[in-house]
Amino acid sequence: MLDTAIQLAYLAASVLFILGLKGLSHPDTARRGMLLAELGMLMAIVGTLLKHEIVRYEWIIAGVAIGGAIGAAISIWMPMTAVPQRTAISHMFGALAATLVGVAEYYRHAGAIPHVEMAALGFEVMFGSLTITGSFMAFGKLQEIVKSAPITYRLQNPINISLFFVALGMFAYLIFQPANQHVFYAMVGLGLLIGVFIVMPIGGADMPVVISLLNSYAGLASSATGFVLGNNVLIIAGALDGASGFLLSVLMSRAMNRSFANVLFGAFGGGEQAAATLRAAGEKTVRPITAGDAAIQLAYARLVIVVPGYGMAVAQAQHQVAELAEMIEKRGGTVKYAIHPVAGRMPGHMNVLLAEANVPYDRLYDMEDINAEFENADVALVIGANDVVNPAARNDRASPIYGMPILDVDRAKSIIVLKRSMNPGFAGIENELFYHPKCSMLFGNAKDSLVKLIGEIKTV
Amino acid sequence: MSGISFIELYVFVLAAFVGYQVISRVPPLLHTPLMSATNAISGISLVGSLVLAGADYGTLATWLGFIAVTSSSLNVIGGFMITDRMLRMFKRSGSKR
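These protein sequences, in sequence, are chains A and B.
Residue numbers for the first sequence follow my numbering, beginning at 1 and rising by one.
Residue numbers for the second sequence follow my numbering, beginning at 1 and rising by one.
Mixed in with the good hints there might be a few duds.
To be verified - To spell it out: a stretch of chain A is covered by chain B in this simulated footprint if at least three of its residues, at any positions, have a beta carbon under 8 Å from a beta carbon of chain B; those stretches are:
no., segment
1, 60–67
2, 98–111
Unchecked claim - Here are the computed lysine-lysine pairs in the DSBU-like style, where the Cα-Cα straight-line distance is at most 30 Å:
no., chain 1, residue 1, chain 2, residue 2
3, A, Lys452, A, Lys284
4, A, Lys438, B, Lys91
5, B, Lys91, A, Lys51
6, A, Lys413, A, Lys438
7, A, Lys147, A, Lys51
8, B, Lys91, A, Lys284
9, A, Lys413, A, Lys330
10, A, Lys330, B, Lys91
11, A, Lys147, B, Lys91
Rather than coming from a laboratory, the hints here were simulated on the basis of the structure.
In this text, a Cβ means the ideal position worked out from N, Cα and C, and glycines have one as well.
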């Protein structure tokens with residue numbers, strides 16, 4: 001009787017999770033959707049607490065209190081620019097929970113586990129363990145505890161691939177010999193090591209793909225936990241998370257015209273190629289512009305398209321962007337925002353930052369919807385974006401980003417780029433947009449430049 | 001440990017399929033909240049952790065369960081809260097600022 005009630009609670013939770021995600025298809029229904037998902041979570045938890053296996057509550061209460069307090073504190077006080085880091089670290093916690101449950105299951109049965117269950121358990125701890133350290137590395141890079149540029153060394157890919165195959169070999173062996181505890185724990189250790197190695201060569205601009213992939217792995221590890229424990233709600237919730245991460249990584253790598261394999265094994269930004277393109281660029285000239293002249297252009301523009309990038313997030317300049325836009329609109333101009341799918345460090349990063357600065361979401365346009373409008377724009381204002389506006393993606397077959405869909409900024413009547421200096425981004429790819437006859441450069445920290453622009457535009 | 005049946009594989013495949021369909025309708029605008037929401041939802045591994053921390057499976061299992069409960073409740077509570085904080089910020093033009 002009690003078991004039936006618990007199963008019904010799980011079933012309801014599963015339905016509520018799906019309805020909750022369905023709500024996210026529109027900003028107007030999203031918050032209500034999340035309430036449904038929260039209700040689902042509550043039902044699943046209450047259902048679980050009724051299980052007769054649970055005999056003591058002190059550790060449960062302590063864990064929920066500590067975890068909940070930390071989680072709540074982070075989400076209340078964290079600045080929005082830190083969302084990618086928080087997301088990366090939460091994949092770590094998700095994977096940690098799944099892996100520990102798996103290890104404990106193995107430990108308490110002392111390896112006496114049927115073959116099929118062992119397959120699920122092996123999958124759970126292998127993907128779980130590599131997601132733990134991989135996500136931690138991603139967190140470190142985003143938080144800049146670890147050098148965010150790709151870390152590469154000789155034979156890196158052969159070493160990583162061999163380690164992965166060794167781990168797969170152990171996994172396969174365990175399915176047939178589940179009782180071999182040494183191999184099991186060695187596999188967990190190797191998984192942890194692979195996570196570190198696989199994220200090390202990945203640079204900041206590839207983070208949207210990596211975060212999405214780790215999202216997917218964390219979900220799949222949860223789902224595998226469901227198989228191990230025979231719990232359908234875990235299987236379903238994990239599968240939803242896994243599918244979401246997978247879909248996002250497909251979208252992100254498509255937006256960079258790269259395959260997963262290329263992102264994971266093709267760390268670009270090698271010194272030689274970058275130096276060569278820089279030399280070639282040495283002969284071209286850029287046109288610096290003063291804040292005063294830029295303000296005049298913006299003040300008389302009828303249509304301004306703002307192209308934000310990671311530089312805006314680093315400078316935390318989203319509020320100034322919104323203020324400038326408001327001033328342009330007061331003077332009768334229209335401001336639209338062009339959002340490239342991989343602008344920033346995670347899917348949707350720019351949208352959240354601009355929403356925080358009170359930019360209405362109907363002014364935020366996806367790449368496909370805005371590209372046709374650039375030719376009508378009087379000014380394209382590029383704020384800390386680089387690769388996503390690089391015309392080399394269209395013209396230069398030799399460029400590492402050739403074929404990547406870009407924002408057609410160069411079709412605008414004039415272009416103003418806010419940039420710290422002429423140093424190329426971490427990828428070391430020269431951007432010919434900066435030398436375009438229509439393009440002028442406003443050098444300096446994005447926030448300072450915007451403050452100056454706001455000051456100047458008042459006097460126009 | 002219960003035996004794995006084919007039914008569970010069906011559940012997984014169908015859930016992944018439904019998830020893919022539902023999530024492909026989420027606009028890029030909401031991709032960041034989507035990721036934090038799915039993260040909170042996959043904090044459902046709390047369900048497994050709770051049993052581990054509360055059942056009588058030995059000291060080590062209890063400790064591992066305690067850490068797992070802490071991690072997953074951090075994700076569940078923090079994930080839902082940050083998702084809501086983000087979603088509250090998305091406003092249409094003309095609505096109250």
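Hint-by-hint comparison with the structure:
{"no.": "1", "hint": "60–67", "result": "holds (count 6)"}
{"no.": "2", "hint": "98–111", "result": "holds (count 9)"}
{"no.": "3", "hint": "A/Lys452 with A/Lys284", "result": "holds, 28 Å"}
{"no.": "4", "hint": "A/Lys438 with B/Lys91", "result": "violated, 34 Å"}
{"no.": "5", "hint": "B/Lys91 with A/Lys51", "result": "violated, 43 Å"}
{"no.": "6", "hint": "A/Lys413 with A/Lys438", "result": "holds, 7 Å"}
{"no.": "7", "hint": "A/Lys147 with A/Lys51", "result": "violated, 46 Å"}
{"no.": "8", "hint": "B/Lys91 with A/Lys284", "result": "violated, 44 Å"}
{"no.": "9", "hint": "A/Lys413 with A/Lys330", "result": "holds, 21 Å"}
{"no.": "10", "hint": "A/Lys330 with B/Lys91", "result": "holds, 19 Å"}
{"no.": "11", "hint": "A/Lys147 with B/Lys91", "result": "violated, 36 Å"}
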